[in-house]
Structures are given as C-alpha cells and as structure tokens.
Amino acid sequence: MKALLVLEDGTFFEGRVFAGEGEVFGEVVFNTSMTGYQEILTDPSYHGQIVAMTYPLIGNYGINPEDVESGKVQVEGFIVREYEPVPSNWRSRTALADYLTGEGILGIEGVDTRALTRHLRLAGAMKGIISTEDLEPRSLVSKAKAAPGLVGRDLVKDVTGRKVYEWPVAGEACFHVVAFDFGIKFNILRCLVERGCRVTVVPAWTSAGDVKALKPDGIILSNGPGDPEPVTYAVETIRKLIGRVPLFGICLGQQLLGLALGGKTYKLKFGHRGANHPVKNLRTGRVEITTQNHGFCVDVDSIRDSDVEITHVNLNDQTLEGIRHRSLPLFSVQYHPEASAGPHDANYLFDDFIEMMKKANGKS
Amino acid sequence: MPKRTDIKKIMIIGSGPIIISQACEFDYSGTQACKALKEEGYEVVLVNSNPATIMTDPETADHTYIEPITPEFVAKIIERERPDALLPTLGGQTGLNTAVQIAEMGVLEKYGVEMIGASIEVIKKAEDRDLFRKAMKRIGLRVPKSGIARDMDRARSMSEEIGFPIIVRPSFTLGGTGSGVAYNREDLEGLAAWGLDASLIHEVMLEESVIGWKEFELEVMRDRMDNVVIICSIENLDPMGIHTGDSVTVAPAQTLTDKEYQIMRDAAIAVIREIGVETGGSNIQFAVNPVNGEMVVIEMNPRVSRSSALASKATGFPIAKIAAKLAVGYTLDELPNDITKETVASFEPTIDYCVVKIPRWTFEKFPATEDALTTSMKSVGETMAIGRTFKEALQKGLRSLEIGRFGFGADGRGRFEQGGTPPGMEEIRKRLITPNSQRLFYLRYAFKAGMDVATVHDLTGIDSWFLHQMIQIIRTEEEIREAGHPLPEDLLRRAKVTGFSDMQLSYLLKISDDDIRAARKSLGIEPVYKLVDTCAAEFEAYTPYYYSTYEKENEIRVSGRKKVMILGGGPNRIGQGIEFDYCCVQASFALREEGFESIMVNSNPETVSTDYDTSDKLYFEPLTKEDVLNIVEAEKPMGVIVQFGGQTPLNLAAALDKAGVPIIGTSPGSIALAEDRDLFRTLLKKLGLVQPENGTALGVEEAARVAEHIGYPVVVRPSYVLGGRAMQIAYDRPSLEAFTRQAMLASPDHPILIDKFLEDAIEIDVDALSDGDATIIGGIMEHIEEAGIHSGDSACVLPPHTLSVNIIEQIKRHTRALARELHVVGLINIQYAVKDEKIYVLEVNPRASRTVPFVSKATGVPLAKLATKVMLGRRLKDLGFTREAEPQHVSVKEAVFPFDRFPNVDILLGPEMKSTGEVMGIDEDFGSAFAKSQLAANQKLPIEGAVFVSVKDADKDKVLPVVRKLHGMGFRILATRGTSHHLERASIPNQVVKKIAEGRPDAIDHIKNGAIQMVINTASGRRSSEGSGQIRRTVLRYGIPYSTTLAGAWAMASAIETLKKEGLSVRSLQEYHHAGSKIQETVKCEA
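Line order of the protein sequences matches chains H and F. Per our numbering, the very first residue in the first sequence carries number 12; after that it's consecutive. Per our numbering, the very first residue in the second sequence carries number 168; after that it's consecutive.
Next up, chain H with everything else stripped away, as it sits in the complex:
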C-alpha cells in the first residue's frame, strides 16, 4: 500500500506501508541510533512524534518481550528506509510489522530517510502527516499545518500513569525512591531496583504533600514528552520539594527542575535523538557517550541561583547537559543515564543518586 509523508512546509516523500494504515500527525523527528528500535518505539518521550530512523535497515532482530520501555508503542508513526520482514535473533518473538500493526501504529518504508534527515536538520523539526487514505500532497499539507504542534502543549498528562504503583525489589531495600512518571522509561526503574531501591511510581500531578507522605529517600523526575513549560503543576510540586528530598532529574525531569529553579527553556532546532552524543563531565573532564532524546533545553543563563552549576555539556553543540546545586541535594541531566537504547557510560549517575541519598539520610 502506498503512503505519503508530507511536512508542513510542503516537502513530501512517497513510501510504502509495512505496518498499520490510516492517517497520523506529529512532529517529525529523526533518531540516529543504529540499534534499539524497540526501545525507541516504546519510549513515552516520543509521544506526539513521528520517528524516522536514519539507519536504513529496521526490523532485523524482530521484537522480544523484554526490551520495552513502557507498556505500549508510543510513537505516532514510524518511518524507515527498508523494513526487514524476516527477523533473526534468539530472543525475537514477533516481527516488527506485526507488533506495530497489533498496536495500531502506522509504519512506512521506502522513504529516502537520509534526504528527510537532511531536510529536518536544515529546516528544523516540523509537523508532518503520514497518510494511506489521502495521497494528495496539497490537502495533506494543510492538515499538517492545522495539526497541533509541541510548543505550549502538555503531553505529559497523556502518558503519565493514572495510579501509584510499585517496582518491588528482591530482598531488603536500601532506599525508597519515588519516581514521578512524566512518561518514565522502565529502564530508569530497572536501574534503581538493580541498586537495591524500592521504587514507587506516582502520576505526574501527584502533590508535594502526597509525595512527602510516602517518605521517600529520594525522588526521580523522569523523562517525558514535549514542552516542559505547560507542565506547570509539576514545576510547582518540584519547587516545593527542592532542598527537602534528594532530587535526580532526567531529560524532561531536568527541564522541569530548571523551570522550578526559576529558569527558562527553549526549543532546539531539530533536537538530539540518538545514542552517540558526546557529553563532557566538567567535574571529571571525562567524556561519556550518551543516549539522547529531547527537543527542548534549559537556558542555563536564565537560572539566577548562583549555586546552580553546570556539570555536563554537549560536545557537539555546547548545549547544557547537566546541572547540580552546590548546597542542595539535587542534580539532573538532559540525557539518558538509563540508556536503553544506547551506551551505559552514564550509568554512574544512578550511583551518584544513591550516594546523594546516603548523605542526605545520614547513612553511609
């Protein structure tokens, strides 16, 4: 089946359907990771986005039950150069196409994804539409234009869990961590549990009082989709928790923390999405290769508090990647220490979080 991908600026690409059908909208972004499509598809941060993979061959190793980052496929649509229908891997249970179709997600192939990537790099991430119903570029352009963008829209409320739930740890837990679910990736939870933490996951709108009532040793501000600014309720809550409980912000979590510290955020031209971004840790001078997935960034100059220091910067474009507070127990990073998909170089941040909780709780 033929499909058409049309961007709001009128650029269009023809493709073929390999999964699902219909018409989907979203911000069109590209991811440069060569592996990890299953993790990417299930990452709630991609809510509201149509993802194109720059690696051309997708589907090679199928889909397995373990490598999921949330309970469902989160992307609005999926674009690849060539779908590989016959997977090969000892853990594979289903083919990617069946998985997507089962979840009602549209996947198209045969697109010159490199041309698409170059276009997005030059023109910036933009709204787009994929359709198998309407193959008329002009009408699709107007639909794409009319589609809601990411800026000013609270996407967190769409993806956050509705209920409080726990990720149990085998044996006795060393710490109790409350994780705000702004669209949390399971691997953050796995990383905490591996380190002996009992984790309680709470909805994004949980109040500071309710959180404190859970008596957490530390709080995770999770990743999540879209623009941080409209997520005002979370910013308010975080503001009340700063200095009281150790905080560790990841991705959207850093942006919300930045806002809570009085800063501002801005939208990047085409964002960072991939598993090869070099980040320099200014405290050690070492470089870590990181997983990234964000379209917004904290403007560090807008934070007045002189005790907030920059701990990490991106070596590709010098953007802010991490901050900490000199006297209060909090730090955050713009990238993904839980990786998945991507390298494990930044795993140590979870250990740092444990250390911070130890200090704050007088344990050692």
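Don't read these hints as lab results, they were simulated from the structure. Backbone N, C-alpha and C fix where the C-beta goes; we use that ideal spot for every residue, glycine too. Nothing false has been slipped in among the hints.
Simulated coverage check for chain F against chain H, where a stretch passes if three residues somewhere in it have a Cβ under 8 angstroms from a Cβ of chain H: (1) 388-394; (2) 418-426; (3) 451-464; (4) 507-517; (5) 555-565.
Chain F: place on chain H using the hints.
Showing chain F alone in chain H's frame:
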C-alpha cells in the same frame, strides 16, 4: 590535554612487504600517522622495506629508511637517529613484533626511547594467549576453553581436557598462520607441529572450538583520559571457523538488539582498559552463540589492523590519524571530526548505509591447493561496497571484486550458466559445508534448487537474516526474468534499488547493457550519490566522500573547476596491488599541484587512494563500465586517467572511449595496439626491432601448429591479463596442449599468444616517461633471475650490473623509438631479453608498471607524478626532467611469496606471477643491496654452515662457479648423488646426501636437523620429481634461505660475501637522494 612537547622525534615502523594478512592497509594507516605527526610539528623517522608504499615517499616522513624490518636494522636506525619515542602500533603485526624484539634487546632503554601508544607489557598481555586469557578472567569475560602447549606432549594431554574439535593457534604470528581446526587426534598431530614451528616463541594455544557461532568485531579507541569510543561494529556473514580476513563482513552489526550490542560494547571497553592500551585503536573480536546469545571474547589486536582500515573507510572516521594524535597526548575531545568540522572526535560514528566487504582470493594461481577456507587467511585482497541496503551493497561488492561477475549471480557468468546445467544437490551441499571462495554463488544455487533457509543455515552456519536477504535478491531476479523486456518502470527501479547491474539486467532480459542503460535513462532511473559523513546527516559534512544508490535525493556537489578523474585498481590480487595504488595516489597529488580537481574512483578499502583526504573527491564505487560512466556523466571531468590503476581501468578503456569519455595520456588505441600481436609485429618491423619468434592461436590445434613452426620451448599465455595469469613454458606438445586450454579458460574470447622461449637470456625491465615528443628513461632494471620467470617474481637490480654500455645504449634507443611510435604520453614499460648480445623486445606496456614505485624510490624521480603532469599537457623540459637520473647507489627489488599459506604448493618460479609483494634493498654496492633485499624478504642468509645443492642436468656445469665460491667462503657442500658426482669431477669437495626414497637420513632429515643453512635447487618445471618438491616445501617450512635459480644463487653468494666482509649500514632515502635532489627540486619549483 595538549600534545606533548617533551618529545620531538618519533619513529614509526612500517609493515614491510605485502603478504597475505598484511597489505596496503598498513600503508594507509602509516601514511595517515606520518602526516598527522608531521602536521603537529614532530620529526618523523620511518622504516619500511616496501618501496611500493606512499609512506616511503620522501615527502611523507622526514627520515625514510628503506631497510629490512629486523630488530638489528631498526636498532641501527635508532642508534643513528636517536628518536625520543617509538610508535609501534601502526605497522601491523610486523611493526608490533619488531618493537617487542628491540625493546627486549634493550635498545630502547639504551637510547632512551619511549614506546608510545602501547607499552611492551600491553602488547604482551594482548598477544600472549595465556596472559590474555587470565586478563579476561579478571574482568569476568568468558574466553573459549584453552591452554598453551610448548611441545607435542602437552598438546596431546591438553586436547583431552578441551575436547575436539580444537582450534590450534600459534602465538605471535601473522593472520593466523598455521592455525587450523583439529577434528581428531590425527589432525592435532599435524597442526600442532606446524603451529609450534610457525610461532615466533614456539608456542601454540589449543582452544575450544566455537565454530558456527556468530562472529563480531568492534573497533575501539581510547585516549589517555580513559575516554573510550567504539568506531564501528562489524558482523561477519561467515560464522566462526573462517578467518575474519577471509570472511564476508558487514558494517554495522545487523542481528544484535541494542541490549546485546551494549553488552558487547561494555565488554570491549572493559577489555581495552584491562589490557591497558593507553592510547589508540584496538580491534576486539567476539563470538556469540546463535542459540542463546552466550558471548565469548576471541582476541584483541592492540594496534591498527585490516579491520580498522575497513572501519575507517566504512564510517569516515580516520582511526590511524586519530591514534597517532592520541599517542602524542591529545584527548579525543580535543580533536576535531574532519568530516563535520564543527563536532569532535570523541563520539561514535553512526552510519546510514550498509557496508559489505568481500575478500578476493587467488586459488587459481595455486592449483595444487584446495579451494577451502579455514582459520588461516588465504585471501590476497578485498573490496568494499556501500549501499543503502545490504542487498545493494552485496551486489555492488560482488561486481567490485573484478572476478568477471556482475552481482549475486544472474549474470550468465557462472561456471554452470556457461556450461548450461545447474549444479546438483550433492555438489551444492559439498560447497556449502566446506567454506570456499565460491560459496556465495553456491548459496544462490542452493536457493534456486529449492533448498530452504533452515537447511542452508544448518550447512553453513550463516545467519538466516543474511540468507533471507539473498532470497529477496533471487526473488527480484525471478520477477525480472518473468516480466521480460521491456521491464515495467516500477520493477526496473526496484531492480536498481536491489543492486542489479545493467549487465545482470542485460543477461536476464536478453538485450545489450547499452540498451538497458538507455531505457533506464529515458525513464530517469539514474543513481544518486550520498555522502559518507560519520553522523547520518545530523551535521553538515565537508568531505566529499560519495557512494551511489538509487533513491530520491542527490547530494553531489559538482564544482565548476577543471577536473580529472583517476580510475583505481580495485581489490588487490597477485599481479595488481599496492604499486598501482601508489601511482594513482601520486597522480592525485600531481593534479592538486597543477590546480586541477582530483576525483578518485576505487573500491579497495585498504588503500591510500581511498583515504578521503587523498583526492578532492572520492567515489567509493565498483570499477565497472556502468558505475564509472555514471560518475563521468555526473562529474563531467575534462579527462580520465586509465594508465595508473593496472589492468582494471585498462580493461574499461575501450568501452569508455567508445562512450565518448575523454581519456587523457596515451590513447586507448595505442594501448590496444601494444596488445595486438599483428599490429605490434608490424610496428617492431618498422622500427627494425626484433622479438622472439611468435604467433597467435585461437585453438589447441592452431597453437600446436604455431609451436611446431617456432620450435620448442615456447611460452604460452592468454592476452589481456596481468600477472602472467595462466602463462607457462611448454617444452613439448602435450604440455603445450594442456597449457593452451588453461590459457583459453583464463581469458576467453581472446587469442592465445605463443612465443619462442629464450633460454638463459637476461631479462630487462625499462620504465620511461614520454610527453609525446621527448622520452626520458626512468630506470633500467636487470633481472636477477633469467627470462622465463615472471618479471613480478624476479629480483632485479637498478642500475644493471652485468650489461655492457653498448647494450644499455641500444636499450635506451629502442625505448625511445617505441615510445615515439606509440605516441606515448605518460609512462611506458618495456621488457627486453638479452641473449648473446642480442636484444629482443618481449613486451611493451604503454602504462604504469609494477616497477614504477621501485624506480622512483631508487632514483628519487617521482615518475607517476611527472607522468600525470605530462598527461595534462606539460612538457618534460618545462618540468625539469630532461635527463635520466644516474644514481650512485645500487637498488635491488626482491619479490615476496605467499607459499607458506599454501602448504602443498611448489615454490618453483615460472612465468605465472605468484608473489604478493616486494621489498627493496639499497646500498653502495650490489652485494650489500642484495643482502638487504634478502633480509627484508625474510631470507636469513647464513655466513657459515652447509649448503645443499641439487640441480637439474642442464645446470650441472653452470652451478660450479657459485658452489666453488661458496666453498671458498668456508661453507660445507652437501649434494644429491648426481650433482655430487659433477662437483667431484670439478674438484669441489662435498658430501652426498640421499634424495627422498633413497633411504634415511635423507635431505629432508638434514634440513629438519638444522644441518643445512642454505639450499640451491633447480628443477625442470612441471616434470620435476615429487621428491624435490617435498624438499622445497620443507625448506620453506623451516625458513631456510633458498634459490630455485642459478642466477639467484649467484646473487645470494655475492650477498653472503659482503655480509662476511663487513656489516651492513643504514642510510635514509633523503640522504641517498641528496645528490640527485637537484632534479627533484627543479620539478617542484616548476610545479
């Protein structure tokens, strides 16, 4: 951390001659390193015995020593140059081993030389199997069960513990020499003995076999801040059990999930840290059990490698260059990514295409060897192809191989398509089970014959992902065949997207490739070019490194400059290798000097020519008519150079010319004329020159008639081939008939050439340069071995050492006359034979020859560069090249052979070329220069002991002087009965040694017992007895210097004489050329 200022002078050890497992990739990495270090202001001292390298060009390093890469010579150079540091990781295993040896000799300590990049402890930890195994255990990684044996008893007892099958690997060797799989006790006996012998430290490792597991490689880099990045992952299509150099490999890894890939990445980082490679690149190999994902570490190379060269070309990340900079103290985040400029080197390249590397083998050169692949590498070259899909890259790779195939079958060129019947199931199964050079094509036969994926996977161990990709290609093939001509537009486009070449479509649709091309173009189905940019288009790329594909957007940036395109030589093979790449690179440099845009087209990932900063533009593409025409049409160069890349571009010349492509330099007509026997004969007649009596034949009968007429012995050979392919000397009719048939197979549709064989003639090679008007001799080389031995396999000396002035003058006159008559613009190579003071013209090639780099190094004249400028319209006199160089020193080129890889092959030399590489010895006199050439070629000339002599009847008189000379120098002489008798009569004292089957102890026992230090053994070609072949194989195995020709023996005796009298000294090329530097300087000023 900035670069170190406490070191000023750095030494780099090259990898020496091209051999199987050490090829151009080390010229590529060494050249990058030299450039990188010079760029940083360091003084670079280089030693490499291989003259055909760009790294030994006098401009590449500051002090270039073309000397043998032995600890003794390297120590002498260190003593003379006093470098502050030694960078051992860029010269392959040879460089690494030599560095270890000189460190152990105490040389580094004595002269205060610091080893940078990797310390001796690191090298040992990575290279010594036992230390490596212990290190892996410490970091919790599993390695296959294994143990070290230093004798046969231990090997036997250990095999009980490990259980068969067992891989036997010798420690400290090249490319898995001597390693193999023992399936039973008997296998173990043979392999372990061989392995102990092949190991530099007489040690083998027996290892649990993980045959059939998936094989992966990661290219890792580390800096002194302990930052580690993975440059590239590579998945071998062929599973464990086949040397990675003999495996089809794919980048990036295709069948690992991110979880599994990250486990491997973590392991790789742990390995490089535990082994302790301080700075630079390493290659780490893993095996993964396809059933449950269990992972083991196979090995690590703490240096740049063949795979790192491939990874560099596959990603655009210059591993060797960065490694050199890290070694002098930079960290990854301080170094820019050249391609994007705005980002840094501390990242992991991400690619948005698929890369397929396919090895090129030359089993046809060694008919006595079975075409079977094992853990010991046998391929002599490789090609790389880039496509947006695996299917496209595989098909491009297969047509890049230049084995007469145009993709994944479906081209009518397979043995069975030509024979008419497809192979039977039994044949297919056999060829799938035992890996071999044709296995890819048999995979296609298997599927076409209805075998299913599970069965094929079972027989081959190849992952079903790859097999399904092949099936998809076959399905498209069938669709094309069924649809017939004219193909619907959609299917035609799909065929191109799937990598089908016009030649395949031509075969499937039964119309000419030109018609396919026309049809395609009329529908607008044309390739687009995309960039290799390290970052999948996330950042702007500034380096124009392109590959073709069939897709929407074309990224080509055609400049308005005047530009010239150079066609490279494709994959290395015997007869066409680094020498031609050297010429192409020189041409590119010349174009730049002359203000032209240089465009390189090549498919060989090992080379300097495919370094993205060698030329202004690089097209990594197959060298076929279709692919080249596409680039010509896109770029519209004012000229295309075909005379530097060996036979590959020459074979395209006529078709390109016909298509209206402007070929610059000597016209394709003249090139063809030299190949056309009749035209050539007329031309010689006109010039009053003589050639050996000759004729051509199109069949066996005709060949016999020609031979009768000329008189035996005759040389039989096919036309339009390089490297003496299927060229043989026939002494009688039966052999003539057999050889004619073989020649017809080697070059179908072309006439067979038959020449009178001039016995005992001296062969001369001349390289000259002509601007169409003036012709200047580049160099005259006298072969050491007599005519009849392929010129590529002969040692030769420049200037000639036995020819009279009169003969030399005549040769020069003839050369000038031939160049003028052929209207040569550029290089010309002529081979002459001199017999009884009479000169015969054997062959004329109006193109760059294999000897051009050697001549350039010997004389200091950059011939290929000058030739390029001449082709651009410059005159030799304006370039300051008006007089041939007359070097005051002697240069000897010696060939290096791959016989140790092919255990059953006879080492006798003949008209078919067998050598893979060459070395050069340079000194004041012939004896010293020849001695150096022998040492560089790993012939350890003895200065005392016993010489074993066994020669054919025709040589029995002629051998006397050399034996007398050796005896005079104090050698004891051992000889077989016949030879002994003859020596006796000439009053040369000697001792009789039994031939094989004359009882024990025989000659072989003496060799094994170390009672023989040198061997002179001549035999009459194919009719030699099995016994003498066995002697020669033993000699080879025990590394005893040998000569299979009298002239070679004589040269060895002179060299030994020199060695006995005085030691050899070292001197840099820059010093040798100082005297001749005037010419060079004029050349430079003019440029």
